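Line by line, the protein sequences are chains A and B. Mapping to my numbering: the first sequence position 233 is 233, numbers consecutive. Mapping to my numbering: the second sequence position 144 is 144, numbers consecutive.
Just so you know, these hints were derived from the structure itself, not from any lab. The model shown is predicted, which means the values in this text are computed figures rather than measured ones. All C-beta atoms, glycine included, are put in the ideal place defined by N, C-alpha and C. Any given hint could turn out to be false.
[As the list claims (entries may be wrong)] A few chain B residues facing chain A, derived, Cβ under 7 Å:
| hint | residue |
| --- | --- |
| 1 | I178 |
| 2 | S180 |
| 3 | K183 |
| 4 | G186 |
| 5 | A200 |
| 6 | P203 |
| 7 | P207 |
[Claimed, not checked] Simulated pairs of lysine-lysine, BS3-like, Cα-Cα distance not exceeding 25 Å:
| hint | chain 1 | residue 1 | chain 2 | residue 2 |
| --- | --- | --- | --- | --- |
| 8 | A | K78 | B | K197 |
| 9 | B | K64 | A | K60 |
| 10 | A | K77 | B | K199 |
| 11 | B | K197 | A | K105 |
| 12 | A | K105 | B | K177 |
| 13 | B | K197 | A | K77 |
| 14 | A | K112 | B | K199 |
| 15 | B | K199 | A | K105 |
| 16 | B | K177 | A | K112 |
| 17 | B | K104 | A | K60 |
| 18 | A | K78 | B | K71 |
| 19 | A | K60 | B | K149 |
| 20 | B | K148 | A | K78 |
| 21 | B | K177 | A | K119 |
| 22 | B | K64 | A | K223 |
[Claimed, not checked] Covered by chain B, per the in silico footprint, the following chain A stretches (three or more residues, Cβ under 8 Å):
| hint | segment |
| --- | --- |
| 23 | 52–62 |
| 24 | 81–87 |
| 25 | 109–116 |
| 26 | 222–231 |
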Amino acid sequence: MAPILQIKELSHVYSAGTPFQHTALDGVSFSVERGEFIGIIGHTGSGKSTLMQHLNGLLKPTAGSIALDGVDIWANKKVTRQARFRVGLVFQYPEYQLFEETVYKDIAFGPKNMGLDHKEVDRRVREAAQFVGLTEAQLEVSPFDLSGGQKRRVAIAGVIAMEPEVLILDEPTAGLDPVGREEILENIQAYRRAKNATIMMVSHSMSDVARLTQRLLVMNGSKLAMDGTPEQVFARADELVEMGLDIPEITSVFLRLKQMGLPVEPVYTIEQAVAVLKALKEGKRHA
Amino acid sequence: MLKDITLGQFFPGDSIIHRLDPRTKLVMLVVYIVALFVATSWISYGVMLAFLLGCILISRIPGKSIVRGMKPMVIILVFTAVLNVFMTQGETVWLRFWIVTITKEGCIRALFMVVRILMLVTGTFLLTYTTSPIALTDGLESLLSPLKKIRMPVHELSMMMCIALRFIPTLIEETDKIMSAQKARGADLESGNLLQKVKALVPILVPLFVSAFRRADELATAMECRCYHGGDGRTKMKLLRYSRLDLEAYCVGVILLAGVICLAVFGL
Ligand SMILES: Nc1ncnc2c1ncn2[C@@H]1O[C@H](COP(=O)(O)OP(=O)(O)OP(=O)(O)O)[C@@H](O)[C@H]1O
Ligand SMILES: [Mg+2]
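One chain only, chain A, in its complex shape (with noise of 0.2 Å):
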């Protein structure tokens, strides 16, 4: 199949022309494919966000192309207008963009922009309300008296009542306890599972990212700076250190028994690490 995204050589430039100019994203390229998880890690100031933004036409890029499903997203006013609502971006802190009375409202404003009738947009928000773990009854209460990871989850609801083909989040889970950032994780899995979505996740947490997703990619510097399955990236260790990035830490863990001598292929994932470690001891009972 066709990929759903296809970037081009883009790049970005913030106040071009006047002595705060910078170059924030470098001839990036790749392509996303239908129903991937694609995690994108990064040191801060690497570019992350500005490429998010330029998926769902929100930034203009100064050079190269978005392509979403074959159509350059900025072929025309309606085709940028599409991808605002197929491509759903969550935005870093998203709890400060939550304005209406309701919780119910603030959901509803997505749809009600796609034009929507009112009985599509009740079910939508109810289905989004439901993915995140809101109850009914916090349906009804003014978005301001919830908790900062509630507010966190409304403004994710927000994004998804528009069941977005791409659901893209920049670090989803920043400033949350562990359960928090689990519960959310979980909800994100949830919509990617009931919708067939592709998902692209910015996130500081190697662990999460090395878990969940399928592909990483890594920016640096304004550039995209490997792509590839987590074993690929995560067994270019050094390189990852040297631009100021963890690994995780079972995988680091697992490198220095492979230093010590054990002979234990890299790992990424607790699973995994409790897989080789049982295959080791097994082998050496039968030795």
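Mind docking chain B with the ligands on chain A? Use the hints.
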């Protein structure tokens, strides 16, 4: 993007004008404005213009930025020009139709007014472009300090101004972010009639106000944590001190004002 609006934005630099004491620059601006209103003839306007252009050259502010800063002024300028062209009575009639007459005097007057406003705004820009907001409020506080005698809360006022100036870029950035976030949910800010456009602002303004209040709260707490309690007995890290440069600048100011007054008196 909103962020690219340069209205009154400080351009860091190291020119002579940047290095002047903020008080000098404030007083010079007042002198300049007074001179601008005293000036009535072509010659005196020429003198003022030469002075202004000289200052811009010395300050090394790119002309492009100044022109861009003028953009919001266009409506006022057009309005002034039209009003003056149509409302001024005069002898030499250039054009007459229906109830409108356009005279030579009207056109000249309009030109004068537009140039005056442009020079006024450019002069003010030159001050804010070359002076950091902190230095500016410091200078203002120092210049207004005699008013403390009549119980004017000068320090508090200048502190308020300083904070307001400091938060303009922050709020603009915030507005940009919120606008992007709502656009990502399909908010349409461009099309529709006036009522629809005003309505479309609600999703932007509500979060903006919420966050402005939150920031204000946080700032107040942070200031209190550092034991801030008003101006009495507060010393400054950067003391304002006049240098020779300032003396020279004042001399230039006096000469300029005297010159323009002389020209006006002799009716040139
Ligand atoms: N609106 C803007 N105007 C000017 N420069 C910007 C703007 N937004 C971002 N930048 C600059 O572009 C660069 C990339 O920013 P971006 O927000 O994409 O980084 P990021 O990878 O998302 O970082 P983080 O992990 O901190 O979120 C940064 O150096 C930043 O200073
Ligand atoms: Mg970011």
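Hint check results:
no.: 1; hint: I178; result: 6 Å, holds
no.: 2; hint: S180; result: 5 Å, holds
no.: 3; hint: K183; result: 6 Å, holds
no.: 4; hint: G186; result: 3 Å, holds
no.: 5; hint: A200; result: 10 Å, violated
no.: 6; hint: P203; result: 5 Å, holds
no.: 7; hint: P207; result: 5 Å, holds
no.: 8; hint: A:K78 / B:K197; result: 19 Å, holds
no.: 9; hint: B:K64 / A:K60; result: 23 Å, holds
no.: 10; hint: A:K77 / B:K199; result: 21 Å, holds
no.: 11; hint: B:K197 / A:K105; result: 19 Å, holds
no.: 12; hint: A:K105 / B:K177; result: 21 Å, holds
no.: 13; hint: B:K197 / A:K77; result: 18 Å, holds
no.: 14; hint: A:K112 / B:K199; result: 14 Å, holds
no.: 15; hint: B:K199 / A:K105; result: 15 Å, holds
no.: 16; hint: B:K177 / A:K112; result: 21 Å, holds
no.: 17; hint: B:K104 / A:K60; result: 48 Å, violated
no.: 18; hint: A:K78 / B:K71; result: 30 Å, violated
no.: 19; hint: A:K60 / B:K149; result: 56 Å, violated
no.: 20; hint: B:K148 / A:K78; result: 60 Å, violated
no.: 21; hint: B:K177 / A:K119; result: 31 Å, violated
no.: 22; hint: B:K64 / A:K223; result: 31 Å, violated
no.: 23; hint: 52–62; result: holds (count 3)
no.: 24; hint: 81–87; result: holds (count 3)
no.: 25; hint: 109–116; result: holds (count 4)
no.: 26; hint: 222–231; result: violated (count 0)
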